[in-house]
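These protein sequence lines are chains A and B, in that order. Position one of the first sequence corresponds to residue 1 (full-length UniProt numbering), numbered consecutively onward. Position one of the second sequence corresponds to residue 1 (full-length UniProt numbering), numbered consecutively onward.
There could be a bad hint or two in this list.
If chains are identical, the list can't say which one is meant, so a pair holds when it fits in one copy or spans any two.
[What the hints assert, rightly or not] Straight line, CA to CA, 35 Å or less: simulated DSBU-like cross-link-like pairs of lysine-lysine: (1) Lys216 with Lys266; (2) Lys23 with Lys216; (3) Lys266 with Lys116; (4) Lys291 with Lys151; (5) Lys266 with Lys328.
To be clear, the hints were calculated from the coordinates, so they are not data collected in a lab.
There are 2 protein chains.
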Amino acid sequence: MGAIQNTQIVLAERPVGDIDLKKTFRTDKTSLSTELGPNEILVKVLFISLDPAMRGWMRDVRSYIRPVRINEVMRSADVAQVIKSNNSDYKVGELVRATAGWQEYAVLQPSDDLVKIKAFPGVSPSTYLGVLGLTGLTAYFGLYEVGEIVKKGGPNCTVVVSGAAGATGSVAAQIAKHVFGCRVIGIAGSQDKCDYLVNELGLDVGLNYKSKTFFKELSAATPKLIDIFFDNTGGDILDGCLRRIAFQGRIIVCGAISTYNSVEPKGPAYYSALITQRARMEGFIVFDYAKQYAKATEDMSNWIKEGKLKSRETVVQGIENAPVALVKLFNGDNTGKMLVKVADEDSKSRL
Amino acid sequence: MGAIQNTQIVLAERPVGDIDLKKTFRTDKTSLSTELGPNEILVKVLFISLDPAMRGWMRDVRSYIRPVRINEVMRSADVAQVIKSNNSDYKVGELVRATAGWQEYAVLQPSDDLVKIKAFPGVSPSTYLGVLGLTGLTAYFGLYEVGEIVKKGGPNCTVVVSGAAGATGSVAAQIAKHVFGCRVIGIAGSQDKCDYLVNELGLDVGLNYKSKTFFKELSAATPKLIDIFFDNTGGDILDGCLRRIAFQGRIIVCGAISTYNSVEPKGPAYYSALITQRARMEGFIVFDYAKQYAKATEDMSNWIKEGKLKSRETVVQGIENAPVALVKLFNGDNTGKMLVKVADEDSKSRL
Chain A
1 MGAIQNTQIV LAERPVGDID LKKTFRTDKT SLSTELGPNE ILVKVLFISL DPAMRGWMRD
61 VRSYIRPVRI NEVMRSADVA QVIKSNNSDY KVGELVRATA GWQEYAVLQP SDDLVKIKAF
121 PGVSPSTYLG VLGLTGLTAY FGLYEVGEIV KKGGPNCTVV VSGAAGATGS VAAQIAKHVF
181 GCRVIGIAGS QDKCDYLVNE LGLDVGLNYK SKTFFKELSA ATPKLIDIFF DNTGGDILDG
241 CLRRIAFQGR IIVCGAISTY NSVEPKGPAY YSALITQRAR MEGFIVFDYA KQYAKATEDM
301 SNWIKEGKLK SRETVVQGIE NAPVALVKLF NGDNTGKMLV KVADEDSKSR L
Chain B
1 MGAIQNTQIV LAERPVGDID LKKTFRTDKT SLSTELGPNE ILVKVLFISL DPAMRGWMRD
61 VRSYIRPVRI NEVMRSADVA QVIKSNNSDY KVGELVRATA GWQEYAVLQP SDDLVKIKAF
121 PGVSPSTYLG VLGLTGLTAY FGLYEVGEIV KKGGPNCTVV VSGAAGATGS VAAQIAKHVF
181 GCRVIGIAGS QDKCDYLVNE LGLDVGLNYK SKTFFKELSA ATPKLIDIFF DNTGGDILDG
241 CLRRIAFQGR IIVCGAISTY NSVEPKGPAY YSALITQRAR MEGFIVFDYA KQYAKATEDM
301 SNWIKEGKLK SRETVVQGIE NAPVALVKLF NGDNTGKMLV KVADEDSKSR L
């Protein structure tokens, strides 16, 4: 059959330090053949998920996933709509989540992490990139599998979350607060975000890490020290929380966004607190818990319905703005999930 | 009754950075009353144990044990001989291990961590400060309780030990090698020590961290990456091992001797490998496993008899040299356990 014009954003060169909007990415206008092989589907991308982990995928180092290649379409999780199908599991008009990358259209196979979205009323499809996507699952498995929240959670348990107004942090903080009843302190980068944490998400305390008295405030907010620290940022915040870590405290190393652009990142100088407090720092990757996604997603859906889990999105319009949106994410300009909206859902074709 | 003259070394002032032999400690000649209260014993100190942890006890910070006070006798574990007793559990001539500190004589109560030593033939009493003391127990519980060696150990398991020629490191390395059959790489600070690790202790590889090509050698020695890292040193060695950590690797944070004298220690810059490799760093304190000491000591005694566990001591003569010996420990001048010999055992009074 024919071909369609496709806008793609590719990795042009690996950044050293900060992303360079003039050099790191390149926008290509290409032609995509709409001929489909066995089991393939053609999709139109609706939303692109922006995640701190992307900075790691751009590095040429051994990691949990291969680096994005130079001149390859930038990798991302997307929500997309099927517009042509050669696979009876995916019908035209249906919504899917997949690793489709920074482009308007894609031909996908089931191996592209293809998951059908069962939308429920009142929930935007973009939620499947946020609370009901890998972002939310990351918060869930970090707390359950690394943070031992089932064992430690409760009113005597102090939980601190960095990047608490972000996509993953806000979910982790709300689960700790509203599902396990912990004392929860959220750390964020502006007074507005701190107000959001306390007034809208119901956390006990919101702390602005840019405050000159931040470390004093952190001490005052953790009189019984920190039992669980869900860390998305690393850097000085991690060191400050190591200084307040409790006996057998657990540090969930989810991310280290403050260091991802650093050529020579600073490590946590105070890590010897792990010895004196018999504490643990442990990292994880959400993919390892794929067999438990269904149960977790059911829990999260219920919590949304019960009002225990709220979410915000920061949406940037237009695929051409994906690079700018990624830079904004590293600047902390977002509250909640950072997304690029690429196209509207075609409602006629949905049924 | 009377009194005896006692040489005591006290903490005169808290060092900032390196220990200052002119200022940090003070030697006092005092008089000790030999009158004993209920359950008390009078002991003559034979050996003093020197341990990296002592640097932490000199700091005025929240830790697992209270700091040594200014003008207080420096804290240490000692092997001592009972010379007068008001406690039927401890007879004159018997040997004990206790927290008796840097002094020639001490009046002790059971609360001073008093443990009777059941010497067996061919084993020096000083062994109860080394392999059969808290030093050896530290190696044992680090591997068993934090390193998950029972689950991970075997010929496909690569274990790296820093400070491997030291008291704790040499025990950890030998247990991993000769009890669990792991591939074991020991890291030490001289070619002599590396030769000792391979030729006498039977490790697979000894690496000198002062070599200009150390990090290349570490990579070459760990083709299957590092499953368990038993870390006594911290610093650049820890970072180098983080760069080689395996999937679900375990870092046993036993000590960080390279940082103990630092005013502003450097943290492990590459700790984000914990995320990508789903790895864990965890600290511990041997005291937490006191209920399991008897079983562990029995295991270790058997391994000594079977030739699986060898040990060396570096012995400095004379209580007045305890401060110098401590500085030597931080300089890495010792192979095996660092001890001060204070007095000979009185063999006549032993039976």
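Each hint, compared with the structure:
Taking identical chains as interchangeable, the C-alpha atoms of lysine 216 and lysine 266 lie at most 35 Å apart whether they share a chain (22 Å) or sit on different chains (22 Å). For the identical chains of this complex, lysine 23 and lysine 216 are inter-copy neighbours only, at 33 Å across copies versus 41 Å inside a copy, given an alpha-carbon limit of 35 Å. In the homo-oligomer, the alpha carbons of lysine 266 and lysine 116 never lie at most 35 Å apart, since the shortest distance is 41 Å inside one protomer and 47 Å across protomers. In this homomeric assembly, lysine 291 and lysine 151 come within 35 Å of each other (Cα to Cα) both inside a single copy, at 22 Å, and across copies, at 23 Å.
For a Cα distance limit of 35 Å, the shortest separation of lysine 266 from lysine 328 qualifies both inside one copy, at 22 Å, and across copies, at 30 Å.
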